[in-house]
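Participant: Please build the complex by placing chain B on the supplied structure of chain A, with the hints as guidance.
One letter stands for each residue in the lines below.
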Amino acid sequence: MSNLQHLLSSADLDRDSAIALLDIAEEMSGVNSRDIKKLPTLRGKTVVNLFFEDSTRTRISFELAEKRLSADVINFSAKGSSVSKGESLKDTAQTLEAMGADAVVIRHGASGAANVLAHSGWINGAIINAGDGTHEHPTQALLDAFTVRRRTHGSASVGKGLDGLKIAIVGDVLHSRVARSNLLLLNTLGAEVHLVAPPTLVPADSGDWQAKIHFNFDDALASVRPDAVMMLRVQAERMNASYFPSEREYSRIWGMNAERLAALKPNALLMHPGPMNRGLEVTAVAADSPNSTVLEQVANGVSVRMAVLYQLLSGERTSIDG
Amino acid sequence: MSARTVLNSGDLERAITRIAHEIVESNHGTKNLILLGIPTRGVLLAERIANVIQRHYPEFDSASMVGRLDITMYRDDLGKNPVREITPTEIPAAGLDGAVVVLVDDVLYSGRTIRAALDALNDLGRPSVVRLAVLVDRGHRELPIRADFVGKNLPTSRDERINVQLSENDGETSVVIES
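Protein sequence lines, in the order shown, are assigned to chains A and B. Going left to right, the first sequence walks through residues 0 to 321 as numbering that gives the first Met the number 0 numbers them. Going left to right, the second sequence walks through residues 0 to 178 as numbering that gives the first Met the number 0 numbers them.
Here chain B stands alone, though its shape is the one from the complex:
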């Protein structure tokens, strides 16, 4: 098995900073902006992005505008795997109606996770816009879904594994391809 680092901690930080600015740019400011991370690492990425936004736009309160969206109960493969653990879903107190929701995940692959996330959002409120930010887009989509904000496009083969590590969770920060 070989492992190749494609983003080191500095690259990753720059990618997050750029995504943060792109999100604010496309929204013409931080009004109504809500970031929802998809567990596990999407939540950490959403927090990192929110912190960058708050640093540049102090009117954006990262603590109250970031949530987490557990999509386990909306998956389409529940019956094909052992029972999955459920983690908390936390939606900002203001609710999602009329908000600009940015879903944040670490790797975009088949698109099925995002499909499940869209279904989950449907049950939680009616955002005015939903956008998608991912750290890595590795291709091989199985559904007509694309990301609005991408940290890095990584053409991969299906046999390879993308391993996103974030210091909060994994001790170090990097994106590694294993094959």
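Isolated chain A, as found in the complex:
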């Protein structure tokens, strides 16, 4: 665990290190419920939030996590920076390195951008992937796992995985880095993963994924009886072809509405990574129901990101992999 240098993919975590991170997050969430929400742990460390893509909750969540651990935070968004003058990722990274960044949290539209940054030798700090294209978003998967674990095991969560839980991931799997990261992490933690999506929104290589794929939402809900349903956002900005005939049809066939909510197990969780397209993949009734964990996910995101930052930045950095 201690040799974790970067967090680029959910695949970087084995079962023990994933559970250890969730356990640290439990302690961090204790800090987040205190009057003084501050720890001196990362004093003197500089963390750069390098955001080439728009983001509200992920960036704010990381920023809050960094500040609560007393790190110095620099926010960098591509808009309004030299990137809009054509500066390359390499030059941007080297600039940050020259300024002494201990960690870089990167969100980028290109799949693999975080990986390039980690292994290019341009920068020595820890790299945390906050979403790269349609590839991965590991801290989202961690906060989802944390949310499920907390709702399932309550105060007895520490040390536990998600063994035996059935989790359905529904919607735009093709474009979803959240789905990919969750698929890996949920399997690592012992959950049974079901993907539910229209055939046009399932990747071509999904045959060797460790998940059962369903093409009918209602049949899937009836046969699987999931403990949690994760609705994915329909990523209109990444859709350069027509993947479904109309939004109305998508909403009717693949959306979480009052009827489908009523068909779930009584305590089943309704999750969404946000931002929600209300009326498209989730109706307002479902989104605001007691089953919905959307706001818990946001709160837990801060705790989980504090845990990741603690794990990557608090110890001595042993080696630099180029």
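The set of hints was computed from the structure by calculation and includes no laboratory data. Incorrect hints may have been included.
25 Å max Cα-Cα, derived PhoX-like pairs, lysine-lysine [as the list claims (entries may be wrong)]:
(1) Lys66(A) <-> Lys78(A)
(2) Lys66(A) <-> Lys79(B)
(3) Lys37(A) <-> Lys79(B)
(4) Lys211(A) <-> Lys159(A)
(5) Lys159(A) <-> Lys264(A)
Facilitator: This is chain B only, laid out in the frame that chain A set:
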């Protein structure tokens, strides 16, 4: 390597009993008293001390007045060691504001752990008084910190190791000097 037992289980129990009485004596009773153990063995010692207090002063509820304070995230040497494990911090539900907090640890050495504990307390509330109880004070302080309640003063050299064993954690109960 030689090992010498300086406190056996009976000695240790008597030391804990004496510390318990000293704590109550200096506080003129058990009012507002909260014991916070510093993991790992400080927590066990705090529980043992609380049990003794409760035996003599039944109005003291050891279950609700004992907590644990993990100081890992307040250490001053985090960047010089591999990542440390964090254990839970549990503060009695009544909170620390206005309480008489007694920090409990097994060995007092450089004083840096206690410095970190004081910083942690600062973020958790405002006790009216903070005191320190340790089973062994081995000297070699690096900070101006001293214990209010000491089980045994053990002059040591820096090369020696003090090994506190408690039956809850280690099977047997003793304090051993290894050199």
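Participant: Hints first: check each against the structure and report whether it holds.
Facilitator: Right, here's what the structure says about each hint:
no. : hint                    : result
1   : Lys66(A) <-> Lys78(A)   : 23 Å, holds
2   : Lys66(A) <-> Lys79(B)   : 22 Å, holds
3   : Lys37(A) <-> Lys79(B)   : 22 Å, holds
4   : Lys211(A) <-> Lys159(A) : 24 Å, holds
5   : Lys159(A) <-> Lys264(A) : 22 Å, holds
This entry satisfies every hint, going by the numbered hints stated previously.
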